[in-house]
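Novice: Each chain is listed here by its residues.
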Amino acid sequence: MTKIWTKYLRGTVKIKVVGEDAERFLNYCLKNNIQIWEIRRKNETELELHMYTDDALHIRTTLRHMNCKFVVLHRRGAPFIVRKMVSRGGFVSGIVIFFVIVFFLSNMVWNIEITGADPKTEHHLQKVIQEIGIKKGKLLFRLPDPREIQYMATEKMDEVTWIGVTLEGTTFHFKVVQKELPEEIQSTGPQHLVAKKKALVTDMFVEQGQPKVERNQFVQKGELLVSGQIGKDKNIRTVSAKGKVFGEVWYYVQVTLPQKTTFGTYTGERMDKHYLSLFGWRVPVWGFGDVTYKDYEVDEDENTFRMFKWEVPISYVKREIYESESVIREYTAKEAVKIAKQMGDEEIEQQMEEDSKIISGKILHHRIDNGKVSVSMYYKVIENIAKEQPIIGGD
Amino acid sequence: MAQWRQKFKRWMTHSMELPADVVMDLPRITMIGHLHIYIENHRGVKRFSNNELCLFLEHGELLVAGNNFVLKTILPEEILLEGKITDVRYIDIS
Chain A
1 MTKIWTKYLR GTVKIKVVGE DAERFLNYCL KNNIQIWEIR RKNETELELH
51 MYTDDALHIR TTLRHMNCKF VVLHRRGAPF IVRKMVSRGG FVSGIVIFFV
101 IVFFLSNMVW NIEITGADPK TEHHLQKVIQ EIGIKKGKLL FRLPDPREIQ
151 YMATEKMDEV TWIGVTLEGT TFHFKVVQKE LPEEIQSTGP QHLVAKKKAL
201 VTDMFVEQGQ PKVERNQFVQ KGELLVSGQI GKDKNIRTVS AKGKVFGEVW
251 YYVQVTLPQK TTFGTYTGER MDKHYLSLFG WRVPVWGFGD VTYKDYEVDE
301 DENTFRMFKW EVPISYVKRE IYESESVIRE YTAKEAVKIA KQMGDEEIEQ
351 QMEEDSKIIS GKILHHRIDN GKVSVSMYYK VIENIAKEQP IIGGD
Chain B
1 MAQWRQKFKR WMTHSMELPA DVVMDLPRIT MIGHLHIYIE NHRGVKRFSN
51 NELCLFLEHG ELLVAGNNFV LKTILPEEIL LEGKITDVRY IDIS
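As given, the protein sequences belong to chains A and B, one line each in that order. FYI, the numbering used here numbers position 66 of the first sequence as 66, with every residue one higher than the one before it. FYI, the numbering used here numbers position 80 of the second sequence as 80, with every residue one higher than the one before it.
Chain A extracted, bound-state conformation (with noise of 0.2 Å):
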């Protein structure tokens, strides 16, 4: 006896039965499970009740032979607003069309906001945001998220620290922390060079100062290599001794590497899938089928859809469904030395300096236990070991 909304959906009419014997057609509706309501009566002839549009369809020939007529008062429900809608296809496209319109306006970008940079940098940021795609016009949903972007913007700028990327309704907001570049000191203070390691001097320019070491000498960490007091016993000058003083510097490196690694790579087989999501709830847009990879790497990508400047519970999303396998690398006891070693050689390379140079590199000793390879070298590099020290208190 509950009220039942879906009525409303199958379309409902009120309708007046005009007949002597109505209570015989209420009888009739009993036997063969018509629905009626809100029955009322309105004279002796007249009878007023509610039913189905399609009931009403199919008790007309009943009626008429029970010598009862029926007309129909008023129509409700979805059925009558369809047809209504058809009649006026006009209007309705124009809600609709509005509707969409509206719709894709909420979704594109209006506008983009720089805040922080100066003139040069703000050039180069809109230069970089129009090569990943952030334009006047373009939809929202198309573009990679504020996170990605704002990754993708502080890559590709070198003199910037730091870009924080919002999206506030149609709007990118960047925000932009400059680097800070410290200006060179000028070192024009006295000064000493020392040295900054042990090593053996093999070469040496010297701008400024008196030379205290010679070639080949060997020196200790912190000796005296470049003075920047010249001249001898009263006319003694101090100056800012400038200069390089090359030296042969010893690096030990000890480098372990597992004979036997396992680790993923893709196949480079991918396929996509295309979601709409409502509500949480995923329909399959594009790329049907099961994933029919053993092994794969799923990445996903959420976008929502904007009304105005909410979000709308529906989004879409982009899976993309990498195949991925494990290889496992093997190395005999030779290999791994050799491979130890360039390991080797890269370490000591990011160590160094740009005028540095590596003479030699030589394999003290290897050991093997338990699958692992480890390697110690030696090697002998020549770089800048000069190292300026000020001159406190110079007289």
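Worth flagging that the hints you see were computed from the coordinates, not collected in a lab. In this text the structure is predicted, and so the values were computed from the model without any measurement. A hint or two may mislead.
[Claimed, not checked] The list that follows gives simulated cross-link-like pairs (lysine-lysine, DSSO-like), each with its CA atoms no further than 30 Å apart:
| hint | chain 1 | residue 1 | chain 2 | residue 2 |
| --- | --- | --- | --- | --- |
| 1 | B | K9 | A | K14 |
| 2 | A | K309 | A | K135 |
| 3 | B | K84 | A | K31 |
| 4 | A | K14 | B | K7 |
| 5 | A | K7 | B | K72 |
| 6 | B | K46 | A | K69 |
| 7 | B | K7 | A | K42 |
| 8 | B | K72 | A | K69 |
With chain A held as given, fit chain B onto it using these hints.
Specialist: For chain B alone, coordinates are given in the frame of chain A:
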């Protein structure tokens, strides 16, 4: 024979505490003040007008009188009547 069955049914309701309306096909009438009357187990409408509803029952008839009657719902076994009810009466119970 029929009478014997009636008696048996009555005895059953008495001794086994079964609801009488289920066992004996009697109407179950629920009234909410004088506003609503809800009748289950009827056998069709005999007469319906603004101030009177007469229903067939398994045995006899039920007459509901009052005014401003509206049959809110009518299903094969049940009826919900709305209006101002003044009288509920059984007729012709055999």
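Novice: So, for every hint listed, does it hold in this structure?
Specialist: Here is what the structure says about each hint:
1. This hinted pair does not check out: B:K9 and A:K14 have alpha carbons roughly 44 Å apart, beyond 30 Å.
2. Taking the CA atoms of A:K309 and A:K135, the gap is near 19 Å; set against the 30 Å cutoff, the hint holds.
3. Taking the CA atoms of B:K84 and A:K31, the gap is near 28 Å; set against the 30 Å cutoff, the hint holds.
4. Restraint check for A:K14 and B:K7: not satisfied, since their Cα atoms lie roughly 47 Å apart, outside the 30 Å limit.
5. A threshold of 30 Å between alpha carbons decides the hint, and for A:K7 with B:K72 the separation of about 15 Å falls inside it, so the pair holds.
6. Restraint check: the Cα-Cα separation between B:K46 and A:K69 comes to about 20 Å, which is no more than 30 Å; the hinted pair holds.
7. This hinted pair does not check out: B:K7 and A:K42 have alpha carbons roughly 44 Å apart, beyond 30 Å.
8. Of the supplied pair hints, the one linking B:K72 and A:K69 holds, its CA atoms being roughly 22 Å apart against a limit of 30 Å.
This entry does not satisfy hints 1, 4 and 7, going by the numbered hints stated previously.
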